[in-house]
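Asker: Respectively, the protein sequence lines represent chains A, B, C, D, E and F. Per the working numbering, residue 1 is the first one in the first sequence, and the count goes up by one each step. Per the working numbering, residue 1 is the first one in the second sequence, and the count goes up by one each step. Per the working numbering, residue 1 is the first one in the third sequence, and the count goes up by one each step. Per the working numbering, residue 1 is the first one in the fourth sequence, and the count goes up by one each step. Per the working numbering, residue 1 is the first one in the fifth sequence, and the count goes up by one each step. Per the working numbering, residue 1 is the first one in the sixth sequence, and the count goes up by one each step.
Simulated from the structure, these hints should not be mistaken for lab results. Treat each hint with caution, since some may be false.
Which copy is meant is left open, so a pair is good if it fits within one copy or across any two.
What the hints assert, rightly or not - Under the rule of at most 25 Å between Cα atoms (straight-line distance), these lysine to aspartate or glutamate pairs were calculated in the DMTMM-like manner:
(1) K287 x D3
(2) K28 x D47
(3) K74 x D89
(4) K321 x D242
(5) K40 x E246
(6) K40 x D242
(7) K321 x E245
(8) K49 x D101
(9) K74 x E119
(10) K74 x D283
(11) K287 x E179
6 protein chains.
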Amino acid sequence: MSDQPMLRNLKEGDAFQGFLLAQEAAYKISAKGSEYLELKLSDASGDLKAFLWDVRAVEGDMEAVRADAFLRVKGSATSYNGRLQLKLDKVRFATDAEVGDLSHFFPVSARPAVAMLAELDALVGSIQDPWIRSLLTALFVEDADLRAAFAQAPAAKAMHHAWLGGLLEHTLSVAGMAERACAHYGQVNRDLVMAGVLLHDLGKTAELSYARSFGYTDAGNLLGHIALEAEWISRAAGCIPDFPEELRLQILHIVLSHHGRLEFGSPVLPKTPEALLVHYLDDLDGKLEAMFRAQGEEGGGAWSPFNRTLDRMVYRTRWPKAGSVQN
Amino acid sequence: MSDQPMLRNLKEGDAFQGFLLAQEAAYKISAKGSEYLELKLSDASGDLKAFLWDVRAVEGDMEAVRADAFLRVKGSATSYNGRLQLKLDKVRFATDAEVGDLSHFFPVSARPAVAMLAELDALVGSIQDPWIRSLLTALFVEDADLRAAFAQAPAAKAMHHAWLGGLLEHTLSVAGMAERACAHYGQVNRDLVMAGVLLHDLGKTAELSYARSFGYTDAGNLLGHIALEAEWISRAAGCIPDFPEELRLQILHIVLSHHGRLEFGSPVLPKTPEALLVHYLDDLDGKLEAMFRAQGEEGGGAWSPFNRTLDRMVYRTRWPKAGSVQN
Amino acid sequence: MSDQPMLRNLKEGDAFQGFLLAQEAAYKISAKGSEYLELKLSDASGDLKAFLWDVRAVEGDMEAVRADAFLRVKGSATSYNGRLQLKLDKVRFATDAEVGDLSHFFPVSARPAVAMLAELDALVGSIQDPWIRSLLTALFVEDADLRAAFAQAPAAKAMHHAWLGGLLEHTLSVAGMAERACAHYGQVNRDLVMAGVLLHDLGKTAELSYARSFGYTDAGNLLGHIALEAEWISRAAGCIPDFPEELRLQILHIVLSHHGRLEFGSPVLPKTPEALLVHYLDDLDGKLEAMFRAQGEEGGGAWSPFNRTLDRMVYRTRWPKAGSVQN
Amino acid sequence: MSDQPMLRNLKEGDAFQGFLLAQEAAYKISAKGSEYLELKLSDASGDLKAFLWDVRAVEGDMEAVRADAFLRVKGSATSYNGRLQLKLDKVRFATDAEVGDLSHFFPVSARPAVAMLAELDALVGSIQDPWIRSLLTALFVEDADLRAAFAQAPAAKAMHHAWLGGLLEHTLSVAGMAERACAHYGQVNRDLVMAGVLLHDLGKTAELSYARSFGYTDAGNLLGHIALEAEWISRAAGCIPDFPEELRLQILHIVLSHHGRLEFGSPVLPKTPEALLVHYLDDLDGKLEAMFRAQGEEGGGAWSPFNRTLDRMVYRTRWPKAGSVQN
Amino acid sequence: MSDQPMLRNLKEGDAFQGFLLAQEAAYKISAKGSEYLELKLSDASGDLKAFLWDVRAVEGDMEAVRADAFLRVKGSATSYNGRLQLKLDKVRFATDAEVGDLSHFFPVSARPAVAMLAELDALVGSIQDPWIRSLLTALFVEDADLRAAFAQAPAAKAMHHAWLGGLLEHTLSVAGMAERACAHYGQVNRDLVMAGVLLHDLGKTAELSYARSFGYTDAGNLLGHIALEAEWISRAAGCIPDFPEELRLQILHIVLSHHGRLEFGSPVLPKTPEALLVHYLDDLDGKLEAMFRAQGEEGGGAWSPFNRTLDRMVYRTRWPKAGSVQN
Amino acid sequence: MSDQPMLRNLKEGDAFQGFLLAQEAAYKISAKGSEYLELKLSDASGDLKAFLWDVRAVEGDMEAVRADAFLRVKGSATSYNGRLQLKLDKVRFATDAEVGDLSHFFPVSARPAVAMLAELDALVGSIQDPWIRSLLTALFVEDADLRAAFAQAPAAKAMHHAWLGGLLEHTLSVAGMAERACAHYGQVNRDLVMAGVLLHDLGKTAELSYARSFGYTDAGNLLGHIALEAEWISRAAGCIPDFPEELRLQILHIVLSHHGRLEFGSPVLPKTPEALLVHYLDDLDGKLEAMFRAQGEEGGGAWSPFNRTLDRMVYRTRWPKAGSVQN
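Go ahead and model the full structure; you've got the sequences and the hints to work with.
Answerer: Take a look at the structure:
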């Protein structure tokens with residue numbers, strides 16, 4: 001699959017054969033009464049509208065050709081009203097096994113998963129408090145499925161770090177900042193802060209769906225990541241004999257309160273210095289990432305387009321300006 | 001203990017001997033430099049300031065004489081600036097075993113616990129869905145400690161149903177109303193609604209402290225009753241083999257969302273008819289109870305004093321007015 | 001008129017002749033400088049764009065052919081860019097008398113008006129308080145125009161029960177629920193509650209325009225339905241000799257406060273149990289109806305599209321799932 | 001009565017005999033078990049605590065001696081903890097007829113009622129539109145009770161113009177400003193604006209109680225002044241044959257919307273220039289009066305105490321400073 | 001340039017040659033791989049899409065042909081899908097000198113700048129306080145650049161008075177109203193109010209960009225007009241020997257607080273009568289202008305389209321209705 | 001003065017002679033008609049009520065004996081209702097010169113001013129950007145008065161760091177944290193961040209009055225510290241030849257936006273990464289300090305009293321608990 005062209009590089013008239021992800025899929029009736037299939041197909045480089053005018057050319061189960069399915073398609077690039085489209089000759093459902101590496105279809109963190117997991121392990125290993133280290137080890141090291149999901153999930157559907165690996169990348173960035181903050185504010189319990197940082201968004205592995213287009217799972221919509229990770233932490237702590245109840249409360253408190261305000265979905269306010277610190281550093285990291293991204297986006301001039309995550313435009317002019325001479 | 005006089009009935013000059021609950025307790029220094037003990041002591045009928053002018057008369061551990069302790073005191077009623085006080089001669093810490101029935105010290109539901117528990121059992125028994133019935137049985141019937149706490153806890157520190165047994169009384173009232181609502185709105189799943197109603201405030205047994213003056217526990221302040229009961233439900237469901245994940249999500253969703261809005265401490269909004277219904281009926285029952293209580297309070301005229309729970313005054317004039325003739 | 005085809009059933013090439021409602025109408029200038037008429041025409045089954053290329057084919061007063069007018073049109077169905085249109089040959093204004101039954105053009109309640117009016121009469125007849133019964137009789141039984149409007153109006157422009165007859169359907173649903181609530185909360189005055197329920201949205205008969213596309217009347221926009229019905233109640237009470245002022249105040253209070261919060265358009269907060277109850281049951285009924293409708297809409301999967309009335313998506317998966325086996 | 005001393009001028013040891021208004025009144029039990037009467041008595045100059053130690057000295061109906069009653073008392077001024085009190089020997093209920101001029105007991109507008117009513121009449125007479133003039137004449141000239149109440153009521157319980165005659169004083173001030181604004185913004189209908197100004201707070205004559213301590217009536221609390229005056233306007237318009245419905249809507253709209261925002265108790269927003277103008281000028285006049293009053297209050301320095309009406313402190317230093325020399 | 005046709009008057013087939021303002025400009029790739037230039041070009045009468053299919057026909061620096069540039073174009077009017085377009089043959093960048101009077105390209109105040117400046121000068125001359133007059137003279141009379149900008153800037157990007165000269169027009173309207181208000185409220189310092197009015201939006205000359213399409217400058221987005229004018233006032237006051245600090249504080253306070261609430265961008269609340277008055281009159285003038293404009297807009301019936309500035313629809317029916325007979 | 005006793009150490013009967021700060025001062029009339037002076041006097045250890053019963057014992061100007069004055073008093077400690085008071089024999093106004101070191105009368109930072117100023121100088125010296133270094137040098141090094149005030153002012157009246165030297169202590173703490181944050185987020189301009197941090201609260205030196213009881217100055221109440229420091233920065237930048245306008249805008253933007261939200265008094269939102277970072281670190285530092293202080297306050301148990309700055313109670317139990325054994 002790795003040698004199929006990226007959609008962004010297609011030109012009118014090019015033939016195309018390969019795997020694509022269906023963002024949208026609908027069987028429609030033309031004005032002449034015949035059924036056709038209208039798709040929006042994507043890879044990591046972008047997306048195109050696609051049409052299969054004769055639905056009898058769908059191989060296999062027509063119902064399997066739907067949004068969020070990987071499809072094997074064959075066709076060619078055409079132009080309509082100045083926009084490139086795909087005119088399809090064949091379409092069939094494709095299995096995950098055929099498709100292979102998801103990073104061909106989604107934006108991916110700039111940091112390799114292996115390096116990030118090594119950094120995670122080092123952080124877990126650095127914890128002095130034996131109870132906290134046990135808890136983190138159980139969740140991040142010993143639970144292989146959770147560890148794999150933690151390395152692959154995005155940090156959000158759209159707000160910040162919305163790419164594969166973004167959850168771990170964001171978590172490690174907050175952890176790095178937290179390490180520095182604990183050195184500065186010596187009164188806080190560094191191990192407790194680090195536990196809070198590493199756990200604060202863990203539930204997003206189950207809140208978000210990201211094997212296809214990014215979205216929310218049923219559990220994500222019904223419970224939210226905070227309730228999900230709270231449950232996991234309690235369960236893991238319950239499996240460690242004599243895990244101190246006081247510690248369990250303090251860790252859960254950090255996690256439950258990390259959105260900082262009730263109207264942002266935290267059922268309690270941060271009431272310990274550690275909880276307060278985790279809230280601020282998490283919030284800061286997400287907002288800064290959104291701001292750096294807005295500065296780096298293509299197009300526009302001194303000001304980014306209106307940014308929904310930040311609810312404002314971002315000023316892109318940097319000081320000192322490139323090429324300015326300072327004496 | 002049951003034959004000691006209620007504080008409300010004391011007159012100046014009466015001797016008093018018996019058990020009282022310390023609402024406040026502080027060792028203070030008089031202007032002359034001697035240490036004395038100042039207390040606020042209560043039973044179910046009210047409270048009085050009390051003074052022990054010679055702290056050497058404290059029997060046993062002085063540190064045990066503090067707020068929220070039951071004390072055995074001996075002294076007499078005196079008057080100062082027109083207010084009755086207790087002048088104490090002896091004070092000592094009392095054990096729970098000595099003290100006996102808490103209802104001597106706290107306001108108590110008008111409904112007997114036995115009758116309320118029978119109604120609870122009948123509700124659990126009325127559930128048709130076997131999974132839901134199993135879950136409720138595990139929590140309300142088989143867990144004796146939880147059952148006992150559920151029958152004794154108040155529903156709130158001050159907002160509504162703030163008396164011993166108030167939690168169960170409120171829960172059953174919502175359940176009764178829910179039964180009627182499910183008959184009216186036939187599309188909702190009655191068993192699911194009933195599960196949501198019975199479970200929605202269960203965590204208050206651990207959120208509130210009520211063996212002494214009503215307040216919040218550490219867990220209550222750090223996690224809140226919603227997170228507490230969510231954990232218990234998941235744990236109980238986990239002990240029932242093959243408990244359906246879909247059902248667990250729907251029940252947890254009702255519980256997590258029952259405050260109706262994020263700023264009221266629900267991390268998610270109600271997204272099913274059952275969750276919406278439980279939210280409205282819970283809110284309505286608490287508000288109506290507060291309104292009935294405001295109408296019934298002594299003093300004032302056509303309007304209650306400003307009511308903090310309702311953020312308004314309540315109109316007490318009833319239609320038809322008592323004694324009015326209608327033809 | 002009843003034998004004209006519904007728009008939904010038209011196919012390309014079909015001829016069409018009949019009455020349609022103009023949702024939009026505009027005389028435009030083509031790029032070639034000639035005037036044409038562009039319309040959006042509807043019946044209860046849907047709407048289509050329509051074009052009359054030669055405006056001389058308009059019979060009678062051209063100015064009468066405008067939005068919200070019933071038109072008599074003749075033409076045929078054509079297709080443009082895959083969408084069906086009507087190419088018109090003739091257009092003229094139609095009188096209400098020609099058009100006949102409005103239910104051919106608008107969504108209509110599933111409950112027959114006759115049955116709903118009988119239920120309304122039974123409710124009025126069930127009132128024990130003679131003053132309240134007189135008042136309700138004056139408004140709902142003796143005022144034939146108001147009674148007819150009450151049976152035909154929708155409950156809202158778009159939020160909930162937005163169909164002909166929806167106002168009465170919603171009112172009766174709240175009344176049914178109120179009957180049950182009064183049985184549960186014995187302290188409330190059932191007759192007062194029922195008066196509040198039946199009257200709470202009566203002003204919508206003048207607030208909303210629904211003989212054409214649903215919208216707001218001038219009076220609706222300038223005064224709102226609460227002020228309108230308050231005026232009607234006072235006027236009706238004024239025609240009943242010796243109507244008790246205390247009762248008039250209590251009924252008006254329920255009506256004025258039934259939106260529950262100032263920011264939702266109630267000039268006062270509910271300050272009696274009856275007013276509080278009417279507010280909750282009204283709000284609940286509207287929200288539940290919106291939720292049931294969101295669950296029943298076509299398309300989508302486990303989640304409804306974002307619902308503006310509820311400001312959230314609705315979860316459509318029902319427990320137990322259809323076809324699931326429970327033992 | 002006019003020769004009784006003002007409370008502010010009493011000195012310890014002075015005898016007192018005369019009429020006073022009871023702000024508070026309670027029969028209490030002393031620590032020794034005997035009943036006494038505790039009062040807070042006021043005239044326009046201030047208030048004092050008062051005690052009648054032998055309740056048998058109450059003449060007539062003891063129940064009539066309550067808050068908001070005028071009382072005839074006899075006693076002497078004593079001192080307790082540095083505060084002056086009244087020690088009473090006799091107390092009885094007094095009739096309004098005995099008491100006479102209310103202005104002895106309440107703060108009163110600096111403008112004489114006669115002059116203000118003349119200004120009101122001139123304004124009504126200046127209206128060109130015959131319908132509007134008829135309506136205002138009916139309410140302000142022909143309805144003698146309403147006219148009298150309009151001249152005597154305060155404009156608010158505490159926020160601004162909280163003195164007898166304050167309602168008319170505030171109304172005329174807004175009218176004067178409105179006259180100027182209409183000259184400036186020539187597009188607005190001056191007669192409509194003036195009608196809105198004169199009517200906007202008319203309902204306060206029934207919303208507020210001011211024959212005793214300022215407060216809210218039952219109708220005021222249950223309906224609010226906006227609903228009250230809307231009813232009166234409609235009733236008065238209904239008595240004028242052929243009163244134009246369009247005009248009635250526009251006047252009612254100004255009145256209903258004059259608080260400017262739903263959360264301030266207006267059920268609709270101002271949607272005409274006239275309604276917008278009345279809202280701004282009413283709001284401005286009340287806020288400016290509160291600010292002038294805060295600047296003029298005794299005590300403090302450059303800043304007023306925190307002002308609840310304005311939710312801020314007010315800066316009292318005026319430019320140019322008194323005595324400053326400007327060249 | 002003055003003899004080139006306005007865009008609104010172009011007909012299909014007309015040739016066009018002249019200067020236009022580029023609202024948007026983008027070099028695009030057609031489906032066939034060739035580059036073309038797509039523009040949106042405007043003058044004061046409206047705008048049109050325009051296409052240059054052969055980019056080699058751009059004279060001079062292609063990069064200078066971008067949004068907000070004045071261009072010299074040659075081409076003809078064509079039609080596509082019923083919309084008029086410009087098909088261009090030649091495009092080049094135009095200098096400001098060539099273009100001449102900006103009023104050909106932007107909406108302009110109905111009041112001539114000369115007359116408005118004369119009114120401004122009269123207002124400055126009417127100030128009795130010598131310090132205030134000096135300050136206003138320095139800014140409005142002696143600073144020729146600022147005076148010129150003040151006469152040309154719009155009052156807002158879109159909210160109200162959004163046309164060339166709108167800033168001065170709005171300022172003078174508020175000043176006229178303020179003159180009347182100071183006559184009414186004799187306690188306020190008229191010179192201080194007038195200073196506040198004239199200065200309150202002065203910073204908009206630097207906050208807004210209006211030599212091209214209206215927008216915000218970098219300084220406008222980063223600092224806002226309030227901070228800008230505060231700086232200018234302080235600098236100007238600093239150039240007047242012995243300018244009283246008390247007066248500087250009071251003027252700055254009016255300017256800083258004139259948005260009336262923190263959430264509207266004022267860092268402090270109005271705390272003097274003068275500041276309060278300027279806030280209300282400024283707000284009123286902007287809102288009334290928006291309302292008059294909404295009433296006057298073409299199209300629609302009794303109600304304006306939803307107006308974003310006012311967050312509501314505006315009622316257009318005027319009382320008395322044109323042609324209505326009043327007796 | 002340094003050998004006078006601290007008020008906290010006074011015992012009943014002790015004589016006292018020395019300087020004290022008047023928190024409150026009022027001439028009152030006793031019930032017997034004689035004038036006396038009632039004071040609240042303080043030093044850094046606490047405050048006491050004080051009475052001078054014969055006002056003729058005031059030496060010199062009686063009017064100078066008022067709140068916020070330093071007084072020289074002579075008298076003795078007495079007891080009233082169990083509270084210690086000062087019974088005064090002599091009182092006179094004291095000059096600042098007599099009083100000497102303010103730290104005897106106010107809470108003071110734990111860090112010596114000399115050390116903090118050295119750290120400030122090092123930070124200024126560490127700036128690489130020559131323009132920024134010049135600006136900071138002008139304000140913090142060369143302006144001796146501002147430097148002295150910066151070292152002595154508190155950071156707030158009550159919220160956080162409310163002690164002498166608290167402003168510099170808070171600023172340096174934020175700077176230390178900012179240094180670490182810039183190391184972590186390499187994309188931000190460290191010099192710009194550091195300028196923002198050092199300048200963000202500089203205006204508090206003029207906003208707050210702290211030579212006496214902490215409060216707000218007139219300028220502080222009228223303009224706020226943000227407007228004050230913005231003015232100073234612009235003035236200082238104006239004195240540096242060719243100071244880049246772009247840089248001035250970016251620094252002012254950080255300062256103006258550092259409260260993060262309009263409703264918290266920032267007229268603009270942070271729109272650069274540097275501004276965002278300064279806002280978060282400033283907010284975090286103040287909140288953490290308040291939390292640490294709440295944990296350290298005397299009295300109470302596991303929970304602090306309700307904390308107004310944080311709008312919540314703070315959990316004081318630390319993990320690991322003191323004395324707990326961890327293996």
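Asker: Hints first: check each against the structure and report whether it holds.
Answerer: To see whether the hints hold, each was checked on the structure:
1. K287 x D3: Neither: 37 Å inside a chain and 53 Å across chains, both beyond 25 Å.
2. K28 x D47: both (20 Å within a copy, 18 Å between copies)
3. K74 x D89: within (6 Å within a copy, 41 Å between copies)
4. K321 x D242: The answer is between: 16 Å across copies meets 25 Å, while 59 Å in one copy does not.
5. K40 x E246: For K40 and E246, the Cα distance exceeds 25 Å both inside one copy (52 Å) and across copies (31 Å).
6. K40 x D242: For K40 and D242, the Cα distance exceeds 25 Å both inside one copy (54 Å) and across copies (39 Å).
7. K321 x E245: between (54 Å within a copy, 12 Å between copies)
8. K49 x D101: For K49 and D101, only the intra-copy Cα distance (23 Å) is at most 25 Å; the inter-copy one is 44 Å.
9. K74 x E119: Answer is neither; intra-copy 42 Å and inter-copy 62 Å both fail.
10. K74 x D283: neither (45 Å within a copy, 53 Å between copies)
11. K287 x E179: both (19 Å within a copy, 19 Å between copies)
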